[in-house]
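K.L.:
For reference, the chains in residue letters:
There are 2 protein chains.
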Amino acid sequence: MGDDGCKFSMKRRDLLRMIGVTAGSAAMYQAMSSLGLAAESTFKPPSPLQGAPKGTTVLILGAGIAGMVAAYELRQAGYQVQVLEYNHRPGGRNWSLRGGDRFTELGGFTQHCQFAPGLYLNPGPWRLPHHHRGILSYCKKLGVPLEAFVQVNHNAYVHSAKAFGGKPQRYRAINADYRGHVAELLAKTTQQGKLEGQVTKEDQERLLESLRDWGALDKNLAYARGITSSNRRGFDKDPGGGVSARPLPSQPLGLHDVLGSGLWQALSMGEIYEFQTTLLQPVGGMGRIGEAFGRELQGLIRYDAKVTAIQQDATGVTVGYEDTATPGQTLHARADWCLCTIPLSILGQLPLNVGQPMADAIAAVPYAASVKVGLQFKRRFWEEDEHIYGGITYTDLPISNISYPSTDFHAAGKGVLLGAYMWGLDAYEFTAMTPDQRVRKAVEYGSQIHPQYTREFEHGVTVGWHRSPFTMGCFGVWSEEARARHYDNLCQIDGRIALAGEHASYLPAWQEGAVTSALDAIGRIHQRVVAGASA
Amino acid sequence: MGDDGCKFSMKRRDLLRMIGVTAGSAAMYQAMSSLGLAAESTFKPPSPLQGAPKGTTVLILGAGIAGMVAAYELRQAGYQVQVLEYNHRPGGRNWSLRGGDRFTELGGFTQHCQFAPGLYLNPGPWRLPHHHRGILSYCKKLGVPLEAFVQVNHNAYVHSAKAFGGKPQRYRAINADYRGHVAELLAKTTQQGKLEGQVTKEDQERLLESLRDWGALDKNLAYARGITSSNRRGFDKDPGGGVSARPLPSQPLGLHDVLGSGLWQALSMGEIYEFQTTLLQPVGGMGRIGEAFGRELQGLIRYDAKVTAIQQDATGVTVGYEDTATPGQTLHARADWCLCTIPLSILGQLPLNVGQPMADAIAAVPYAASVKVGLQFKRRFWEEDEHIYGGITYTDLPISNISYPSTDFHAAGKGVLLGAYMWGLDAYEFTAMTPDQRVRKAVEYGSQIHPQYTREFEHGVTVGWHRSPFTMGCFGVWSEEARARHYDNLCQIDGRIALAGEHASYLPAWQEGAVTSALDAIGRIHQRVVAGASA
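Chains as they are written, first to last, in this note's numbering: chain A, 100 to 634; chain B, 100 to 634.
Looking at chain A on its own, in the form it has when it is part of the complex:
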């Protein structure tokens, strides 16, 4: 879950197949475009809501990012706000698992996280694009310090069990070689006069000049063994100081090998808007945002409150809920208005009296499967042995991603890797396993890339999002078709109820979708309130 890269990874096809199966969506290509569109936020700093009638009450369901943004802004505008939250903590999918934490998933397995102090897994979102200005503005307001998140690491690996005998390749080499071959092919074609009629003579000259630089071509416009290409892909013997320090260039891979490996599929990841530099993360774990909101809203949030029914009438909304510590007894909360941020996967199962359009919309959005596994090792061998500082290794093994910490470089002692980040069919398979099995499998697969795993592994923790009792899935997957028919109906206020969350946005799975949908929804509720008061 999370932000996130599900949508763009090498196994995109699996996800698309899954969507096809689950939602019966239209053309795959359209779905792919739809998934790919999550991008820069339309966020503008909210202008204060003016003129809230005294005593107007709003009940917010869910203390995730959407719910807490709404609570923060509505309280500021003078509303009386109460928030009901299922978990014992604020944040929802904004969450970091640390040593001492516990997590009980559907099915009853309880994990006790034993990470060393300072180490964590973000089961949900883990990256903040610099253009997600809504969520970033709350980080600033709440004093949550940010640091750079390393996405692309030229020294991390791209790996296919089926290519190069299963030997991981450095991202740097595949990246340089693909680009170099593309540049050489186009340069040759240009020189052979094959662009005549398409590109002016003058632009052909400029194109050749640019391709030489951009593709690291030699003076004959070839991408070939030499200092120029090695200065992109790396050397056989790197330059140094003193005597015998002259470098030896390396031999580029052939076009056929690069194309056949399929490893080029990892090359556009860092070019996608959401993964472009500079990506950010909160210092100490993504959960720091939820925690800061929780402190800010102290007294407003009732935790351990499991919503069981939502009933509106002409003057307000009554919500039934249970205290999960003392189940069986239904409590009630009532307010003039209700902002519901409960994921549709759960909301669809609750008694809720809204009109057919919103009800249909709630039912139209399946939830993506996703699994993350965090693995603690005795030492940061990826830095010590392999000189990998942050970034992500991509593999076609089911674990899909291995991500290295972007901070505390060279720290002595233990370290935690994101040992798997999967979705689609593999995620379903892993979700069916016990947490222990998931961790063991992640270690097994990962050791194909890092043989050190076997000796250095200590402890793992994992979240399979379809077993998460508060979301029952990772994020709402909108097909193009569902979006066209249902999205507006989902977002329109129904009586005294409005919905918000990533599912009510064009930024599926991203916290920015939660922020912007919450601001949009409370703005519209406020308009109605003010209009009603003056009527």
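Since the hints were made in silico from the structure, they are not lab data. This list has only true hints and no planted wrong ones.
If several chains are the same, the list does not tell them apart, and a pair holds so long as it fits within one copy or across any two.
Straight-line alpha carbon distances no greater than 30 Å define the calculated DSSO-like cross-link-like pairs of lysine-lysine that follow:
#1 Lys318 to Lys287
#2 Lys318 to Lys293
#3 Lys261 to Lys318
#4 Lys240 to Lys477
#5 Lys266 to Lys300
#6 Lys153 to Lys143
#7 Lys300 to Lys287
#8 Lys239 to Lys477
#9 Lys143 to Lys513
#10 Lys266 to Lys540
#11 Lys300 to Lys318
#12 Lys513 to Lys540
Knowing the structure of chain A, use the given hints to seat chain B on it.
P.N.:
Chain B alone, transformed into the frame defined by chain A:
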């Protein structure tokens, strides 16, 4: 000076012209290759030097990185070490200017740095490639914490005063559009059968599939306005949450405009081995490394010691020096061996009795000009107004680079930008100005990119390396020809004197060159010592 990017920036041609003029080097293209080759270090952790005869003394000239690495290792091996350093501080070009610091340059101008606490300019090196394992290993040993340095920022600018009416373009857009057009041209060519005979049918299919993904082409293999291209280059209206949140795609620039702008020249910077991710920097400024070495070597370094003569004989080396606090009086230090790390620009002017080959080598290496300017502003407007978190803006204005801090994102209060990083002809011109004029000029040029400069600027500090009394230049520029004739002669031990520093390496301007050359030199001195002792 420094690491550094001089060699690869958009104005590379100026540097090459300058080298041509100064050093009378051979073909430009060779020079360019030579400059471009600085890459991964050959560093292996040094095995301890065994069997140093008791009482053997080594005099080290210069407490820069090379000199301090040598002192650290030789002391450990049992040698009696003394270091003479011109400055009042350790580090040499490894240096951060902070509030309260002062710097007097040749010509007599003294600057008093007034930066706010925590802010700094690195006049010299500012980036640590992850593959420069020598310098990184000393960071680890000395406990200097590291963090990510952001090189490429898709949201920073590329700028030409002559393109797009002087309006800065986001890196993201130029990058996506160049790549997209290249992919489309090659895809079309392939579809038209123009690669027949060069590429197999099967590889042509794979090439098309890969270009579609890699270049963000649409289903017709065109790079055109739409969600797919906007998800690389950005949207006209970005997606958001709630109602009316549907995104609007943006219009890519045409091939002709991208090529004509020359802005593509900035696109390969982050692809160069030395600038590939993950780049690192010491927390708190590059100078933290020199400072840590200085603490480690306390008592071994004599500061304010200006070397005036180096004289060897059959049994040792005598060095004359002045205490810069009480000039006019020559002091002497003597040792069995001497490791000299004084830049060749200065060493060439000192009395020194070495053989003709080393003397010729010392004279053969001109020093590059470089100027940096640090500018303090009242607020971090680049983050607040422009959402630029770290990274570098490239311009064809003389300032060449504007670099944004990679840390303390969202910090309230003042911030410091690297407001100019220049070399070649522009650097000579700026070096001829007073520090005040340099700062004013940097503000003037920079305000063409960031109009906020005018209102927000507070204070600047600048180093023109040809006015640095301890280097008289930025780094040693080796032509291919000079390298072939003189490099080995520079590195060979001459009697009882050996040289080390970036100038004695294939990693010109990089600290890694200093580290590896120092380790190489002391290894060879040690061999001679041990051989002599057992003879």
